[in-house]
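If you read the protein sequences in the order shown, they are chains H and B. Counting along the first sequence from 1, when you hit position 140 you're at 140 in our numbering, and nothing is skipped either side. Numbers given in our numbering equal positions in the second sequence, counted from 1, plus 1000.
The set of hints was computed from the structure by calculation and includes no laboratory data. Every value quoted in this text rests on a predicted model; they were computed, and no experiment measured them. One should not assume that every hint holds.
In silico SDA-like cross-links for lysine to any residue, where the CA-CA straight-line distance does not exceed 20 Å [claimed, not checked]:
#1 B:LYS1042 x H:LEU81
#2 B:LYS1042 x H:SER38
#3 B:LYS1042 x H:ARG54
#4 H:LYS177 x B:LYS1042
#5 B:LYS1042 x H:PRO57
#6 H:LYS99 x H:LEU110
#7 B:LYS1042 x H:PHE58
#8 H:LYS97 x H:ARG54
#9 H:LYS177 x H:SER48
#10 H:LYS177 x B:LEU1024
#11 H:LYS85 x H:MET75
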Amino acid sequence: MTENSKSVFSRERLALSSATRFCHWLTTLAVFYLIISSWWMLSLPLPSENSTFRVLPFQLHKNVGLTLFLLLLAMTSSFILRWIKANDRKESKSQIKAKIGHGLIYLMLLFCCLSGYLSSSFSGWGTQFWWLFDLPIWARESDDLNAIFSDLHLWSCWLLIFLIAVHIGAALHHSFKNDGVVDSMLGSPNKS
Amino acid sequence: MKTDMSGNYKEKDFATAGKLLAVLTILFGVLFFASSSNELLKQAVLSSDFAALQQDADCRADELAEEGLSLRECELMLVQVEIFLVSSPSWFRSVQKIFSLIGIAAALASIGLALSLDSRRGFSIRALVLVLSGLVVLDSGMFVVALQTGPLLRAQYLWPLILWFFIHLCLVLGGHFISENTKDKLIN
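Chain B extracted, bound-state conformation (with noise of 0.2 Å):
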């Protein structure tokens, strides 16, 4: 960004940069949504057929070659869910799901509230501020809850949270120094 003579940051730059932060959160608002969605999907299923775990795989030959499957990934594909069920706390897939709702309505607010951010309005930015911090929050929320599976879900969940972590911790940062720097310029 340009400096003026007295070496302060120019307003249309925070313009620009405020233009910047409402691209980035967007496009990553909407990726943690489907990602959250996704997750939501994902507590739900898992959960309800355990009675299939307890028969072998069903793979039919037309099926495999539908899918370009080789016999055995079809069987470890089962093997796949149970894995999941027996890696986690019997508390961990309701936790899972209360934390993706959260998760969608935070990444639908933020993608709304960038939507709508306006330099000039102090409300926006500031809210939209305060609903990353929510999305770090919960990030490390759910990092701490996926410390309590086994190995191979934690393999499965920490590398994308730590990931998300930094992403949202990048975007409240951004949105803070825009929202600091134009502070005294703001229409509430």
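One chain only, chain H, in its complex shape (with noise of 0.2 Å):
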């Protein structure tokens, strides 16, 4: 028996498809590019007639986070509809934590993109959906809402990042270890 089966993480079990790793890591090129824009946007000058510094950041930040928003739900529907294949087999407790963990940095960013969407329909700022197209407004302006939802938006942000911190880190504790859970996201399965 090698090192690698001897993991309580079979190869077997966490074969992910392409489609999913291809979505995980288009989130995860979505979500840091959002993180990190959305510090610098803002630092720009507040919008008024004559300063629209704001627009272009604010505009790209609506629609990432809006295609992310869906991109999540096609991905949730996944992750639960394979844990509930799962269900049957025996879990080992890192398992049981992994997926836990899973479930809450999926929880968390449906909640990001959904507060997100709530802060802005309540600003009385308009969203062009790539602009293509504008999306309805269907809530009045309320600057009430507005902040409520702005503020969920902000920590539910900061501790989505402090779960990726955390996603990151047990990334690499495996890649250490060469156990075999990092191979199920890369493309080519360790072999040895």
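Combine the two chains into a complex, taking the hints into account.
See the structure below:
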């Protein structure tokens, strides 16, 4: 028995489809772009008739976020289906912890997108979906609701950053151990 | 890494090192993608609205409360844009846009190659080392370009660039080491 096959994470169980891996990495790129660009765009001058510095960054932020939300809905459904399918198998503590961690990340990602959209909806600013069409304005401008959802968006994003840091830490831990977990997210499975 | 009786590194250790190189390349590739995308956005936005700089900052009380800003901070936000435009030579924004686009493409290429990295295949690791070397050259180019700006912009740009330079250099050297030591066992 090799060291890798002794791992609590059997490769057969960890095998993920190319589509799942593609969506994971696409989400990663989108999330890191959103985090880093949001820190910068909030340092731009406040919007007014004369100052339009914030228009492009905010429209892009909202569009990437909305697209990410749609992608996440598909990914979450796939995650839940895989979870249900694997329910009949006996799982180790590490696997249960990993699933809870992933579940929390999905939940926070969805919540961040949703709270951001709701905050934007109550702000009175419109949203053009990828400059193709205007999204319907269904909410009346409300400073109070905008402030509530804006705060929820902010704090849920900080929590998400913490969860992502733990997730990356776990990925590095498994790559040091070379126990096969990282292979499930890379293109080529470890054949050694 | 462990060595066998003859002092050579074991093949398994290189597989582990290759895996670690892949994970680190992806992690830094994602961060560099985000950083380059933001830089591209920055250059696109800050060159588009000169007219606004001629006006006083528009700092409404409700907006200040919403953003948690003081009046002075709000006024300085406009000054920050002015600093950016005044401190850079006219060609700076165009060059930065090109470098950012190259950075985005190279970051995506490094992620793609790291995802398909297989220690038994020589092509992927050599291609990855090549792309990472390209990123080192890009960091050096961006550093030289940033040196041509004023002190206020240099303070913003030089430190992150030198950090990226050494991160990419470490990855290149790690990849080169793995590539060289597994060369005779690779399927090309």
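Hints, one by one, checked against the model:
Taking the CA atoms of B:LYS1042 and H:LEU81, the gap is near 41 Å; set against the 20 Å cutoff, the hint is violated. A threshold of 20 Å between alpha carbons decides the hint, and for B:LYS1042 with H:SER38 the separation of about 12 Å falls inside it, so the pair holds. A C-alpha spacing of about 11 Å is found between B:LYS1042 and H:ARG54, which places the hinted pair at or below 20 Å, so the restraint holds. At roughly 40 Å between alpha-carbon atoms, H:LYS177 and B:LYS1042 are farther apart than 20 Å, so this suggested pair is violated.
Among the hinted pairs, B:LYS1042 with H:PRO57 is consistent with the structure: their alpha-carbon atoms are about 9 Å apart, no more than 20 Å. The hinted pair formed by H:LYS99 and H:LEU110 meets the criterion: a straight-line CA distance of about 16 Å does not exceed 20 Å. Proximity of B:LYS1042 to H:PHE58 is assessed by CA-CA distance (about 12 Å); at most 20 Å being required, the pair is judged to hold. Restraint check for H:LYS97 and H:ARG54: not satisfied, since their Cα atoms lie roughly 41 Å apart, outside the 20 Å limit.
Between the alpha carbons of H:LYS177 and H:SER48 the distance comes to roughly 54 Å, so the proposed pair goes past 20 Å and is violated. For a cut-off of 20 Å, the pair hint linking H:LYS177 to B:LEU1024 stands: about 14 Å separates their Cα positions. For the given pair, H:LYS85 sits about 15 Å from H:MET75 by alpha-carbon distance, which is consistent with the 20 Å threshold.
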